[in-house]
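Generate coordinates for the entire structure from the input sequences, incorporating the hints supplied.
Numbering (full-length UniProt numbering), first residue to last: 1 to 181.
There could be a bad hint or two in this list.
[Said to hold, decoys possible] Heads up, simulated SDA-like pairs for lysine to any residue below, C-alpha to C-alpha not over 25 angstroms straight-line:
#, residue 1, residue 2
1, 139, 108
2, 53, 88
3, 68, 88
4, 76, 7
Derived by calculation from the structure, the hints in this document are not laboratory data.
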Amino acid sequence: VVRGDTGPHHGTCCIDDYVRTVEPVYDYLTRYSGLVHGDLDPAVSKHHITTLKHAYLKLRYLADCGCKFVGHGLKKDFRMANIVIPIENVIDTVEIFHFKRQRKLSLRFLASYLLGLDIQQGSHDSIEDATVALKLYKKYLELLNAGIFQETLLAIYTYGKQFGWDVVKPNTNMALPRPTR
1 VVRGDTGPHH
11 GTCCIDDYVR
21 TVEPVYDYLT
31 RYSGLVHGDL
41 DPAVSKHHIT
51 TLKHAYLKLR
61 YLADCGCKFV
71 GHGLKKDFRM
81 ANIVIPIENV
91 IDTVEIFHFK
101 RQRKLSLRFL
111 ASYLLGLDIQ
121 QGSHDSIEDA
131 TVALKLYKKY
141 LELLNAGIFQ
151 ETLLAIYTYG
161 KQFGWDVVKP
171 NTNMALPRPT
181 R
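Here you go:
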């Protein structure tokens with residue numbers, strides 16, 4: 001969890017817990033989880049390890065205080081934590097940048113197209129993902145205020161369908177489709 005307020009701590013990490021599992025882990029799926037052997041072992045881990053209950057209680061506290069949760073694919077995260085957050089407190093960039101009956105766009109693709117960032121190189125980093133989701137939300141507000149959000153979203157889908165849904169390389173000769181306004 002990173003702070004999204006406008007104060008001096010904007011964008012800084014406030015919760016980065018690793019949840020201890022009860023069952024043994026045989027495959028960490030490091031590419032997707034960012035976890036490696038030892039990350040969930042309290043004896044050797046360099047991370048803050050907690051129980052699912054404690055992680056739940058932290059999230060519940062933030063929700064009860066009225067905090068807004070901005071992220072990418074939050075529905076899955078909340079399901080894993082077995083927590084229900086009021087819909088008015090959830091801002092999910094996977095839903096914001098989505099046309100009905102079309103594929104959902106990855107955080108990596110959106111970050112490269114809209115922000116010029118190449119993220120998730122090597123393995124998953126939850127703080128990087130949270131920070132980028134917050135930047136995408138701010139970009140969404142900027143596009144909305146300029147009156148070009150729908151056009152931009154259409155341009156994103158047009159580009160993805162034409163060139164693939166991988167990272168947009170900034171030094172290619174392909175011009176990114178942009179709204180006409």
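Comparing the hints with the structure gives:
A threshold of 25 angstroms between alpha carbons decides the hint, and for residue 139 with residue 108 the separation of about 15 angstroms falls inside it, so the pair holds. Between residue 53 and residue 88 the CA atoms are separated by roughly 24 angstroms; this keeps the pair inside 25 angstroms, and the hint holds. For the given pair, residue 68 sits about 8 angstroms from residue 88 by alpha-carbon distance, which is consistent with the 25 angstroms threshold. A threshold of 25 angstroms between alpha carbons decides the hint, and for residue 76 with residue 7 the separation of about 29 angstroms lies outside it, so the pair is violated.
The structure fails to meet hint 4 from the earlier list, while all remaining hints are met.
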